[in-house]
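Trainee: Chain residues, written in single-letter form:
There are 2 protein chains.
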Amino acid sequence: MTKPFKSFIKPDLKKIEAYIKKNLDPGTSIVNDESFNLYVTGGKKLRPSLALLVGKLGDKDKYNDLIKTAASLELIHMASLVHDDIIDDSETRRKRKTTFYKHGYFQAVNTGNFLISSAIEAVSHIEHQEFHDTYALAMRQIVEGELFQFDTQFDDMQTIDNYLDKIYKKTALLIVLSIKLGAFATNVDRKVLKSLIEYGYNVGMSFQIIDDYLDFTASEKILGKPKFSDLKNGHYTLPVLLLRNKDSTFRSMLKKYSKHRANSEELSKYILESNAIQESKAISNKYLDDALQNVTDIESPIKEYLVEVVEKLRDRLN
Amino acid sequence: MTKPFKSFIKPDLKKIEAYIKKNLDPGTSIVNDESFNLYVTGGKKLRPSLALLVGKLGDKDKYNDLIKTAASLELIHMASLVHDDIIDDSETRRKRKTTFYKHGYFQAVNTGNFLISSAIEAVSHIEHQEFHDTYALAMRQIVEGELFQFDTQFDDMQTIDNYLDKIYKKTALLIVLSIKLGAFATNVDRKVLKSLIEYGYNVGMSFQIIDDYLDFTASEKILGKPKFSDLKNGHYTLPVLLLRNKDSTFRSMLKKYSKHRANSEELSKYILESNAIQESKAISNKYLDDALQNVTDIESPIKEYLVEVVEKLRDRLN
Numbered sequence: 021m022t023k024p025f026k027s028f029i030k031p032d033l034k035k036i037e038a039y040i041k042k043n044l045d046p047g048t049s050i051v052n053d054e055s056f057n058l059y060v061t062g063g064k065k066l067r068p069s070l071a072l073l074v075g076k077l078g079d080k081d082k083y084n085d086l087i088k089t090a091a092s093l094e095l096i097h098m099a100s101l102v103h104d105d106i107i108d109d110s111e112t113r114r115k116r117k118t119t120f121y122k123h124g125y126f127q128a129v130n131t132g133n134f135l136i137s138s139a140i141e142a143v144s145h146i147e148h149q150e151f152h153d154t155y156a157l158a159m160r161q162i163v164e165g166e167l168f169q170f171d172t173q174f175d176d177m178q179t180i181d182n183y184l185d186k187i188y189k190k191t192a193l194l195i196v197l198s199i200k201l202g203a204f205a206t207n208v209d210r211k212v213l214k215s216l217i218e219y220g221y222n223v224g225m226s227f228q229i230i231d232d233y234l235d236f237t238a239s240e241k242i243l244g245k246p247k248f249s250d251l252k253n254g255h256y257t258l259p260v261l262l263l264r265n266k267d268s269t270f271r272s273m274l275k276k277y278s279k280h281r282a283n284s285e286e287l288s289k290y291i292l293e294s295n296a297i298q299e300s301k302a303i304s305n306k307y308l309d310d311a312l313q314n315v316t317d318i319e320s321p322i323k324e325y326l327v328e329v330v331e332k333l334r335d336r337l338n
Numbered sequence: 021m022t023k024p025f026k027s028f029i030k031p032d033l034k035k036i037e038a039y040i041k042k043n044l045d046p047g048t049s050i051v052n053d054e055s056f057n058l059y060v061t062g063g064k065k066l067r068p069s070l071a072l073l074v075g076k077l078g079d080k081d082k083y084n085d086l087i088k089t090a091a092s093l094e095l096i097h098m099a100s101l102v103h104d105d106i107i108d109d110s111e112t113r114r115k116r117k118t119t120f121y122k123h124g125y126f127q128a129v130n131t132g133n134f135l136i137s138s139a140i141e142a143v144s145h146i147e148h149q150e151f152h153d154t155y156a157l158a159m160r161q162i163v164e165g166e167l168f169q170f171d172t173q174f175d176d177m178q179t180i181d182n183y184l185d186k187i188y189k190k191t192a193l194l195i196v197l198s199i200k201l202g203a204f205a206t207n208v209d210r211k212v213l214k215s216l217i218e219y220g221y222n223v224g225m226s227f228q229i230i231d232d233y234l235d236f237t238a239s240e241k242i243l244g245k246p247k248f249s250d251l252k253n254g255h256y257t258l259p260v261l262l263l264r265n266k267d268s269t270f271r272s273m274l275k276k277y278s279k280h281r282a283n284s285e286e287l288s289k290y291i292l293e294s295n296a297i298q299e300s301k302a303i304s305n306k307y308l309d310d311a312l313q314n315v316t317d318i319e320s321p322i323k324e325y326l327v328e329v330v331e332k333l334r335d336r337l338n
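Keeping their order, the protein sequence lines are chains A and B. According to my numbering, the first sequence holds residues 21 to 338 in order. According to my numbering, the second sequence holds residues 21 to 338 in order.
Just chain A, same shape as in the assembly:
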């Protein structure tokens, strides 16, 4: 490997930032400022990075479309964060006060909508039917995923399959979309794309499982938001469901909690003392192993970077 991934992708991410700055036009209103700040103050830029990486396998003369596609994907991701903060009544995100908390409903609804419309505008010029069909369908599925998440709040009987379907719609879907759109924008070969889509699915699933159990194990400083917030909000993630399936004491505790919604600390403590976190890590690792498998046959220098993304996630995991 000549350069680490971060420095390899840096010039492209700089181009995206310049594009986003030009388009979000910070300095003109609260909404513009909040939008741009959300871009610059954090996030791993996983979605645009994957779109860019996949685009390296395609036509070089489509580079400008690729940049706009990658920017659009990050903008949609940001829109979902801003609206989620309203929905979840969240005070902090990425160690900063949320738009919703600082400026109220008006600015938060509009910031999200401004980001959605900016995302759509960024790619409207791309002449590629499947690109737009795929994007539109995914946007709708993401909203449906939100709803499904709400339907299963405080539902102590939900299955692990339910959970996997939720995290697919919540996270893996947009990561798969990033790979598809990066490929469509630059006309990547279809056979290669098939493996990349599976890679994206596995990376996405792993990513959300890690995110979910970090809510139990990481410090608030690292999380940039309060700990145990999923459990408090009745979002039962993999460690909870795994433990429920095999520990009858915990099953009773969870049933009681789901009914009365008090004493989430007791549950968190019980989970941390069990091996449910370790088991979740093992499942996440299995997805990462599969992701590596998906890219073994790719013949391109970008393969090393696709592997590096997986290894970075594995580091975060441990």
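Everything labelled a hint here was simulated from the structure, so no lab data went into it.
The list cannot tell twin chains apart, which means a pair is met if one copy fits it or any two copies do.
Pairs of lysine to aspartate or glutamate, EDC-like flavour, derived with a Cα cap of 20 Å:
{"hint": "1", "residue 1": "Lys189", "residue 2": "Asp45"}
{"hint": "2", "residue 1": "Lys275", "residue 2": "Asp250"}
{"hint": "3", "residue 1": "Lys42", "residue 2": "Asp53"}
{"hint": "4", "residue 1": "Lys122", "residue 2": "Asp109"}
{"hint": "5", "residue 1": "Lys42", "residue 2": "Asp153"}
{"hint": "6", "residue 1": "Lys122", "residue 2": "Asp171"}
{"hint": "7", "residue 1": "Lys122", "residue 2": "Asp108"}
{"hint": "8", "residue 1": "Lys41", "residue 2": "Glu164"}
{"hint": "9", "residue 1": "Lys42", "residue 2": "Glu164"}
{"hint": "10", "residue 1": "Lys82", "residue 2": "Asp209"}
Based on these hints, arrange chain B on the given structure of chain A.
Mentor: Coordinates of chain B only, in the frame set by chain A:
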């Protein structure tokens, strides 16, 4: 004229309703139900009707695209209503409790987003670059219009030009968009389109001016929401600004109200006793006269219907 507009357009509107019902899939969740109910329980369907009407001047074999375009425009309009109700903290709309009021932020943010994504999905298959560029830009301008409206809340020094710019972005823009997209979807001749766009602008401006002064003159039963809500929310519409420009007593009252935000009843009463409403009507009528002028040269049976739309608005006005 063979048939009145309402019966002429009815079969097309039925097709749109069938399409929307199929896509919004009522019966499956609160969001789906709220979305579909908003479609069936009201609204003049002005935007889809204009798109359909303009589409009659274009290629007949593009009829399916035209139906989906018209549906998409109504869906975007509905999305803006649902999100507006969050922003304005509105309890009722079209004589029913709002989604926001009945089901809270979560369902309301998601219902709006579901409608936006459904709107985009409806037209993503249409292969027409300018169609998508125009749609994306308009969506962004609509959001910017929302923001501008907020910036001038309780601003008693804003100009009438400010107001006109606001109502353009709030209402006329989507009506103009309906005409453009109906034309693009069916390849309407560009020269004809130019006049139609001006017609749409004039109809849209008039429509919002009427809406704004009905807030003073119509009964709550007709409005389907509380009276004087614009004034209470600090949205100063045409009658307010006209009266401020020429009546120094009112100017002082408005200044005081903008500062202390109390006694909006006193202001409303003063406005109703002045001739500010009459003057607003005259301005609205001028836009309608211009709209009629815009369509004099159109040689098609739809001309009569374009005229009828204007006359319907003039009836609403008086």
